[in-house]
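Novice: Take a look at the letters that make up each chain.
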Amino acid sequence: MILLTIGTMLPFDRLVRAIDRWAGDHGDREVFAQIGDKGQYRPIHMRWAQLLGPQEFAGLVDRCELLIAHAGTGSFFLAAERMRPIVLFPRRASLGEHNTDHQVSTARWLLQKPGVYVAMAEDELPGAIAKALSHRSDVAARVPPFAPEAFIGRLREALLG
Amino acid sequence: MTRKVMAVASGGGHWLELCRIAPAFDGFEVAYVSVHPNYADQVAGHRFYAVRDVSRRDLWGLAVLVPQLVRIILRERPDVVITTGSFPALFALMLAKLLLRTRTIWIDSIANVETLSSSGSLARHVADVHLTQWPGLARHSGPAYWGAVL
Numbered sequence: 001m002i003l004l005t006i007g008t009m010l011p012f013d014r015l016v017r018a019i020d021r022w023a024g025d026h027g028d029r030e031v032f033a034q035i036g037d038k039g040q041y042r043p044i045h046m047r048w049a050q051l052l053g054p055q056e057f058a059g060l061v062d063r064c065e066l067l068i069a070h071a072g073t074g075s076f077f078l079a080a081e082r083m084r085p086i087v088l089f090p091r092r093a094s095l096g097e098h099n100t101d102h103q104v105s106t107a108r109w110l111l112q113k114p115g116v117y118v119a120m121a122e123d124e125l126p127g128a129i130a131k132a133l134s135h136r137s138d139v140a141a142r143v144p145p146f147a148p149e150a151f152i153g154r155l156r157e158a159l160l161g
Numbered sequence: 001m002t003r004k005v006m007a008v009a010s011g012g013g014h015w016l017e018l019c020r021i022a023p024a025f026d027g028f029e030v031a032y033v034s035v036h037p038n039y040a041d042q043v044a045g046h047r048f049y050a051v052r053d054v055s056r057r058d059l060w061g062l063a064v065l066v067p068q069l070v071r072i073i074l075r076e077r078p079d080v081v082i083t084t085g086s087f088p089a090l091f092a093l094m095l096a097k098l099l100l101r102t103r104t105i106w107i108d109s110i111a112n113v114e115t116l117s118s119s120g121s122l123a124r125h126v127a128d129v130h131l132t133q134w135p136g137l138a139r140h141s142g143p144a145y146w147g148a149v150l
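Residue numbers (this note's numbering), protein chains in the order written: chain A, 1 to 161; chain B, 1 to 150.
For reference, chain A alone in the conformation it holds in the complex (with noise of 0.2 Å):
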């Protein structure tokens, strides 16, 4: 299976349109799509759901073959935690899908690591996808679910101060 998730916070209609018409060129592939509780667009080739519960959704991630998702750190580390390859489709300021375009720079700096794919705009998915199904192995290391021990420490201290 295959699982969408734009993320809780905002519309992002034009990934879960362009995942639909990915979803009915690849009849034979089954996608479910997490599609968020603000947006218009109601897909017709894949099922959906507005909004799962964390532990719910946690338990598809654990079940998919791929994770295709908007560039949010959220969606990176459910899919890294469990070693799930991840297509990343960056939101734009300019569409007024988020305020600031962050998650284009998010975008560059997470396709540097095992299992991420990018695809900066909808021509580019259906390449982005093929090679992250493709290369499923990629998936090197398991992220540990917590930060770095050094990280920890100095914010125990300043916790403390």
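These are calculated hints, taken from the structure and not from any lab test. Hints should not be assumed to be uniformly reliable.
What the hints assert, rightly or not - Every beta carbon over 12 Å from chain B, so not counted as near; a handful from chain A, in silico: (1) Gly24; (2) Met46; (3) Gly53; (4) Glu56; (5) Glu81; (6) Asp123; (7) Leu125.
Unchecked claim - Covered, in the sense of this in silico footprint (three residues per stretch, anywhere, with C-beta under 8 Å from a C-beta of chain B), are these stretches of chain A: (8) 102 to 112; (9) 142 to 148; (10) 152 to 159.
Only a predicted model underlies this, so the values are computations on that prediction, with no experimental measurement involved. Every residue, glycine too, gets a C-beta built ideally from N, C-alpha and C.
For chain A, the structure is supplied; the task is to place chain B on it using the hints.
Specialist: Coordinates of chain B only, in the frame set by chain A:
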């Protein structure tokens, strides 16, 4: 006496980044504050409060958020407030500083790779510890770089 920590983050990545630093709170009394009631399960055993999520586009939401935060801060009376952002968390820091002169720690999200978030820039005025997770964004006058959640 046990140190009382109020740990605040809005949804999605901000919340996951807060969860990634949770080992720093070991042995402290922690009250978590976020924007989705169903996050409570992830911090079972600790007090959890859900508040209104407010963006800069929805300033009316502040009329709901501010009284919610005031109530939580006065009930919890934390020794320190720590956050990984974003906009609603800035108000948690401001109000805790204003009401109780609480010690405050702002960690700008790791998502802000090239510039500090605008809430993160404003946080310098209310944060005793003001951090970026990117060495390139650190300045002598702040924010400082101590490491990152990844």
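Novice: Run every hint past the structure and note whether it holds.
Specialist: Cross-check of the supplied hints:
1. Gly24: At about 28 Å from chain B, A:Gly24 clears the 12 Å cut-off, so the statement holds.
2. Met46: About 21 Å separates A:Met46 from the closest Cβ of chain B, which puts it past 12 Å; holds.
3. Gly53: Violated, since 4 Å does not exceed 12 Å.
4. Glu56: The claim breaks: A:Glu56 does not keep its Cβ more than 12 Å from every Cβ of chain B (closest is about 9 Å).
5. Glu81: Incorrect as stated: the minimum Cβ-Cβ distance to chain B is 9 Å, not above 12 Å.
6. Asp123: 25 Å, holds
7. Leu125: At about 21 Å from chain B, A:Leu125 clears the 12 Å cut-off, so the statement holds.
8. 102 to 112: holds (count 6)
9. 142 to 148: Contact hint for the stretch 142 to 148 of chain A vs chain B: holds, 5 residues under 8 Å.
10. 152 to 159: Contact hint for the stretch 152 to 159 of chain A vs chain B: holds, 7 residues under 8 Å.
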